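Let the hints inform the model, and build the full structure from the sequences given.
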Amino acid sequence: MRDPYEILGLRPGATEEEIRSAYKRLAQEYSQSHEADSAARMEELNQAFDFLMANLRTGPRNDELNYTEIRRLINEGNADEALRQLNARPQPDTSGEWNFLCGSAYYYKGWLDQALPYFEKATQLSPQNREYAAAYHRLKNYAAGNFSTGPYGQPSQNVYGCSCCDMCTALMCMDLCCGFGRGGCC
Amino acid sequence: MFGYITPSIGELKVREYQFYKSAYCGLCKELDREYGFAGRMLLNYDLVLVALLADGLSGTQPGCAQERCVVHPLARRPICKSTSGIAFAADALILLGWHKLQDDLLDEGAFRKGLLRLVSLFLKKSYRKASARRPELNEQLCEAMQLQTQLEKSGCRTPDQASDPSGRMLGALFAQAAAEETQQPILYRCGMLLGRMIYYLDAAEDFADDQKKNRYNVFVQEGLALSDAQARARMLCNLCAGEAIESYRQLQPKENQALLDNLFYLGLAESISRIGCPKSKRRSKTNERSL
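Read top to bottom, the protein sequences are chains A and B. All residue numbers for the first sequence refer to the numbering used here, where the first residue is 968 and numbers rise by one. All residue numbers for the second sequence refer to the numbering used here, where the first residue is 4 and numbers rise by one.
For the record, the hints were derived by calculation from the structure and aren't laboratory data. Treat the hints with care, as some may be off.
Partial list, derived from the structure: chain B residues whose beta carbon lies under 7 Å from chain A [stated by the list, open to error]:
#1 Gly170
#2 Leu239
#3 Leu242
If you anchor each label on the Cβ, the simulated ranges turn out as follows [said to hold, decoys possible]:
#4 Thr185/B to Ala1021/A: 22 to 32 Å
#5 Ala135/B to Glu1048/A: 30 to 40 Å
#6 Ala1021/A to Lys128/B: 27 to 37 Å
What you are looking at is a predicted structure, and each value in this text was computed from that prediction instead of being measured. Ideal Cβ placement from N, Cα and C applies to all residues, glycine included.
In structure tokens:
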């Protein structure tokens, strides 16, 4: 693969914002162009974008522990090896990514009770990371008994029930439709 | 250990409920045909799920016939004919039952031990037949049982670790119900999580008994009181059920969809809500009575 920064027309060390806007601009350009190789260039662009975003998430590479490698191990289903490498560090790591990956490895093993505190720690350490938050809230919801109910609609435990506030809001919204609260219908 | 996963009967259509019952009867008849009366004694509901899942994924629609049986000699009942799913569930039931019996033999008192020895004498022939039919599954179950004995001996205090063998057993079992190769890992995870859930339900139910008799129980090892142990089991089961449902959502059963949906989306939550209910009250709570 060519240098991903070069593909996006950026200098190394570009911020997330810059990468996103460059990606948007180029993707639009390629999708509108009728040149023969636009599909291939689009593919290359997507790869470069994914690579850079993954890089941003996992943090700088000079770290002694290669998080990309550990992500690969977990994705391949080799959670035990991933855990061994994560725990091989002499001092416990306090980065969000380390906690998230420990949690993920336990999660794939089916050790959900062990995974939950790691996910929690990861979200505490990097509250802005959506990937960590999604994993944590997913398990947290399950632990509280809120699962998907498929074709059966919302669970009967009134978790998302219709409250007084909901009704008031609905009435106010309806009122807005009827002439912005000036009374009279339409 | 088994019989925890049942549908939420109140939410089933009458024909679905009847089909569920006829599948249960079909499994019972299959056990009788293949393994004789001793095999029948092991019958339980969890394996009906395996039969329904295996047939549902392969798209087999079993025919039903009105038949009599020993348990209900007077009335004829609709009973499913044998299918590959039901045959598989029957073999699996014998294997699971046998291993469970061997496990019980290790930690029972002298009188019960004698009784269990007798039962295991009756079952030995059936076990040999089933293990010859499904050697791969039997091997995985043997390994898991060995691991279980080891964990119990070492006094394991981590529920996730303690439920590993059960998870592996049901994972291996479910994986074999796959109709296509791509379904195997999904089914393995689904079964693995259900296996863990069954383990926690069982441990919560036996908690007081195990504490009194000084037997291994992971919640006793954690040093919990009865109500705390039940709350903990509920939380652990919820985690497993939530994830098991997510695995199930990735499968597209060609048949039995309504029943399987009910079992996963409602049945699991209902089993969990029964933690802490005395056994005698359970039947009326689930409306599980003969019509």
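Checked hints:
Satisfaction of the interface hint for Gly170/B is found here, the shortest Cβ-Cβ separation to chain A being roughly 6 Å, below the 7 Å cut-off. Of the supplied interface hints, the one on Leu239/B holds, with its beta-carbon coming within about 6 Å of a beta-carbon of chain A, less than 7 Å. The interface hint given for Leu242/B is met, as the beta carbon of that residue sits about 4 Å from the closest beta carbon of chain A, less than 7 Å. Distance hint for Thr185/B and Ala1021/A: a CB-CB separation of about 26 Å, consistent with the stated range 22 to 32 Å.
Evaluation of the 30 to 40 Å hint for Ala135/B and Glu1048/A yields a pass: the beta carbon distance comes to about 35 Å. One distance hint, 27 to 37 Å for the beta-carbon pair Ala1021/A and Lys128/B, is violated here, with the actual separation near 57 Å.
Violated hints amount to a single one, hint 6; each of the other numbered hints is respected by the structure.
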